[in-house]
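Protein chains: 2
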Amino acid sequence: MDAVDGALVLVGFMGAGKTSGVRSLAAQLDCQPLDSDHELERELGESVESFFDREGEVAFREREEAAVLELLDREDSAVIALGGGALESERVREALRRHVVVHLEVDPEDAWRRASGKGRPLARDPGRFRELYEQRHPLYDSIADAVLPPSDRGGPLRALPALAALRDAPAGTRMVWAHTRSRDYPVFFGRGLIASGFLFPSEGRRFTVTDETVAGIHGAGDAAIKPGETAKNLVSAEWVLRKMAEAGMGHDDVVIAMGGGVVGDLGGFCAAVYQRGIRHVQVPTTLVAQVDSAYGGKTGVDLPEGKNYVGSYHQPSAVLVDPSALETLPREELAAGYAEVVKTALIAGGPLWARVRDGRDPDDEIILGCLRTKLAVVAEDERDSGRRQVLNLGHTVAHAIEAATGFARYRHGEAVGIGLLAALRLSGRDAIRKEVAGLFAERGLPLSFGGASPAEVVELVGRDKKRRGGDVPFVLVQAPGEVTYGHQVDPADLLAAVEEVHAG
Amino acid sequence: MDAVDGALVLVGFMGAGKTSGVRSLAAQLDCQPLDSDHELERELGESVESFFDREGEVAFREREEAAVLELLDREDSAVIALGGGALESERVREALRRHVVVHLEVDPEDAWRRASGKGRPLARDPGRFRELYEQRHPLYDSIADAVLPPSDRGGPLRALPALAALRDAPAGTRMVWAHTRSRDYPVFFGRGLIASGFLFPSEGRRFTVTDETVAGIHGAGDAAIKPGETAKNLVSAEWVLRKMAEAGMGHDDVVIAMGGGVVGDLGGFCAAVYQRGIRHVQVPTTLVAQVDSAYGGKTGVDLPEGKNYVGSYHQPSAVLVDPSALETLPREELAAGYAEVVKTALIAGGPLWARVRDGRDPDDEIILGCLRTKLAVVAEDERDSGRRQVLNLGHTVAHAIEAATGFARYRHGEAVGIGLLAALRLSGRDAIRKEVAGLFAERGLPLSFGGASPAEVVELVGRDKKRRGGDVPFVLVQAPGEVTYGHQVDPADLLAAVEEVHAG
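The listed protein sequences derive, respectively, from chains A and B.
Per the numbering used here, the very first residue in the first sequence carries number 5; after that it's consecutive.
Per the numbering used here, the very first residue in the second sequence carries number 5; after that it's consecutive.
Simulated from the structure, these hints should not be mistaken for lab results.
Watch out, some of these pointers could steer you wrong.
[Said to hold, decoys possible] Covered stretches of chain B, going by a simulated chain A footprint (3 or more residues, C-beta under 8 Å):
#	region
1	245-252
2	279-293
3	315-329
[To be verified] Heads up, simulated DSBU-like pairs for lysine-lysine below, C-alpha to C-alpha not over 35 Å straight-line:
#	chain 1	residue 1	chain 2	residue 2
4	B	Lys230	B	Lys247
5	B	Lys438	A	Lys230
6	B	Lys230	A	Lys230
7	A	Lys247	B	Lys230
8	A	Lys230	A	Lys247
9	A	Lys247	B	Lys247
[To be verified] Label-pair ranges, simulated between beta-carbon atoms:
#	chain 1	residue 1	chain 2	residue 2	range
10	B	Gly448	A	Arg185	43 to 53 Å
11	A	Asp145	B	Gly466	44 to 54 Å
12	B	Gly281	A	Gly363	34 to 44 Å
13	B	Arg185	A	Arg118	31 to 41 Å
14	B	Gly281	A	Arg171	30 to 40 Å
15	A	Asp156	B	Gly281	23 to 33 Å
16	B	Glu113	A	Pro125	38 to 48 Å
17	A	Asp156	B	Arg118	27 to 37 Å
18	A	Ala435	B	Pro308	54 to 64 Å
A virtual CB, placed ideally from N, CA and C, is assigned to each residue, including glycine.
Sequences are here, hints too, so could you generate the full structure?
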């Protein structure tokens, strides 16, 4: 870590753990932890609280800005904690451009619990505190090169290798840290990542699994399967696994799964079972994969009897998201991914849903919003026993449609779009259903399916692998941002909802 | 839980956690926890320590015996903790026969730490304490229906369903509790278990994977693969997985893997990856499987490029060991299993090695000793990153011999025998090597291999999946009970050791 390359600057709301974060990072990097509040107090010759109370916020911000600018200019500062309000200054934000800015996220409830009752000027009134939180959170995000979601105190230290690697990534690359019970990993997000040759983790031999289409664009890789869902089977997996064995891959090596959902699921599965598990990195090149399937560690292949019937939970060691890869994507494939975008935005609600319902094409902000939504859900429930089930919104019917049509007639994302419409009917949310159908229609997404009867699809829903104890639980939408799981659905209602999306 | 069926009686050395154990079990069973020391003190009208110190051990044991016999006769006692010394009485041991006796194991160091310094008459001198431990440990074991190895305080409670199930097992069935980081499970050991139809866990649909030979003896099962290592591949796995899907197996259901090591590995693997993992029960019917391969959660299939190259860690929910199944085993198959017995006895040392080097055929005590050795090693290190590697004693060369001869010429156990001889040569333990070779020769086990050259075998050793960072670590024997891992071996020494076991 070299100060010339800019320091690691931790920003975040009160109570996010910036002070303990810089201490653990500085201990690891063998350097001095710096804290703008402490430096400021040294200069003021009194506590932040007493100066603030006597001189007021404007005078305080002036002194704070000067102290922070000086701190960011020092050559000896490799790790700096920045006071919660310093980012309001335009000049500070400008000075931060040559540093690696890390947003330590904190839940507003935790922040209040930690920061209140200590005499802090801005943590005295819970209403004002919450307002400030809502105002600053997007500010931190907008300037951050890296975001670490709320976590234990060890979070920043575990993320350090990935933070350091950011310096080798193309300018503008951002990193979002992903938590799950079994493994933490970084998601790198940047235009030009693939062409730059950036890779994380950097040690170990690589074996790249891809498909023939992706190979034609981004390079051949070590094993290129046929494109499409029909290649997602145990025969392809065995072919890849044998090539890995021939290449002499071992426990220190890394599988790169570069492609769409099929390549990601298959490549991840091969990594999960090769020699009982080696590391893998997901490099999603389709919209579906970038917003959904590359995260969360679900890997697997299909059986003729059902989609994803064979698989493992195996978290990636990193995900590299290069949105410029979408530029070469066929229009139908982009459209298919769009269904997952809408699904994720419905789960997230808030600004993401607002941006999506606008009708605009998925841009960097939407993709980032979707992936952060997915990561937050998986962080709560890695193994699908609870909250994670909301991600199956629209998927129960979608899987059945795919199985009933031999996994060949519809792209996964197309089936999800149809399934989402059925789920919105089952939810009794007809206004949203209409709005969503409008968004789909604009992109040429199918609003109904053919090639199988509604009865066949309903029969296959009954065989869904999410079934526990005989019943198939459904995910339903109350409102954008309010999506819940585990609902029992009347068979007649289900048939009606499926008939409504049947073209026949 | 019904007192008429006999109580759960916890025995074990001082400091094993009997008191907290009966409390948690009684809370769960909604009954009164009874403790023989407390009952005794109530009758004595003073503390055990003061009575013991005044009246001496003989008088104390007399009163203790009377109190314990009364306690074991009460109808209201569903959970009882028995004082450490009560088992020395023949009459108490007799009275225990109608109860379920549970041995809570404790490491001698932990026992001393917990019991000393509290005025206990027998925990004042560390030397005498250790002697008493060595004397009583086999006594507890000899009377116990169930053994719970040292664990956290939650151990007895987690084991309760399995302890309760013991009442439904054939008379004489014993249970050993297995710990790993990812899952605890019971090992039931009893003659006639298979024929009795006993099963644990008892809920959920079952799907039995077996092979054609075992099916001919114990019943057809739901999927019977071809017998032998050549069937342990992804094609067989897919065939089984599809049958599971056709049968509508779901997350609440259980795969039963009934057979030898191949069926156990393949059936376990199918359970591990079916719908990303459902439960499975191992029912080992060969000696190799009963002493080694059924425990520890390593599942998988072979690739042409290497044995067990595709797999998962997936602990069973239970292992049912019926040694009477060995009666139908062909002589060569028993002999092949014998190599794993010798390997395990070398790792264990002590009484198990003494019993095995005697030359006797594996009896119940030897099989139990082997499985407990294996469970103890796996408890320390589920994922093969450390101590568990000692279980690979002899396996590095064995796997290479199997691969070099196409997995068809030698049984796994036969290859392990040859590999063990090579490992003992590499260890420089020629006296043990001679003794082991003698044991093998008596049973007609091959002492050398053909069908491949030593150079081919050494080349395949280099491709071993245990390789980390380019080198293949070896497990070596210093003495019985002293087996260590991670040794680098000179290539010339390896070639010499392999040439010595080559028939050519």
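Consistency of the hints with the structure:
1. Residue count for the region 245-252 of chain B with a Cβ under 8 Å from a Cβ of chain A: 5. That meets the three needed, and the coverage hint holds.
2. Counting residues of the region 279-293 of chain B whose beta-carbon sits less than 8 Å from any beta-carbon of chain A gives 3, enough to reach three: the coverage restraint holds.
3. With a threshold of 8 Å between beta carbons, the proposed coverage of the region 315-329 of chain B by chain A holds, since 3 of its residues qualify and at least three are required.
4. Taking the CA atoms of Lys230(B) and Lys247(B), the gap is near 15 Å; set against the 35 Å cutoff, the hint holds.
5. For a cut-off of 35 Å, the pair hint linking Lys438(B) to Lys230(A) is broken: about 56 Å separates their Cα positions.
6. For the hint pairing Lys230(B) with Lys230(A), the CA-to-CA distance comes to about 31 Å; that is within 35 Å, so the pair holds.
7. For the hint linking Lys247(A) to Lys230(B), the alpha-carbon distance of about 26 Å falls within 35 Å, and the restraint holds.
8. A hinted pair counts as satisfied when its Cα atoms are at most 35 Å apart, and Lys230(A) with Lys247(A) qualifies at roughly 15 Å.
9. As the CA atoms of Lys247(A) and Lys247(B) are separated by approximately 28 Å, the hinted pair is consistent with the 35 Å bound.
10. Between Gly448(B) and Arg185(A) the C-beta distance comes to about 50 Å, which sits within the given range of 43 to 53 Å.
11. Our hint of 44 to 54 Å for Asp145(A) and Gly466(B) holds, since their Cβ atoms are close to 50 Å apart.
12. For the pair Gly281(B) and Gly363(A), the supplied restraint of 34 to 44 Å holds, since their beta-carbon distance comes to about 41 Å.
13. For Arg185(B) paired with Arg118(A), a C-beta distance near 32 Å keeps the hint of 31 to 41 Å intact.
14. The hinted range of 30 to 40 Å is satisfied by Gly281(B) and Arg171(A), whose Cβ atoms lie roughly 39 Å apart.
15. Distance hint check for Asp156(A) and Gly281(B): the Cβ-Cβ separation is about 26 Å, which falls inside the suggested range of 23 to 33 Å.
16. Taking 38 to 48 Å as the suggested C-beta distance range, the pair Glu113(B) and Pro125(A) does not conform, at roughly 55 Å.
17. At about 31 Å, the beta-carbon gap between Asp156(A) and Arg118(B) stays in the expected band of 27 to 37 Å.
18. The hinted range of 54 to 64 Å is satisfied by Ala435(A) and Pro308(B), whose Cβ atoms lie roughly 58 Å apart.
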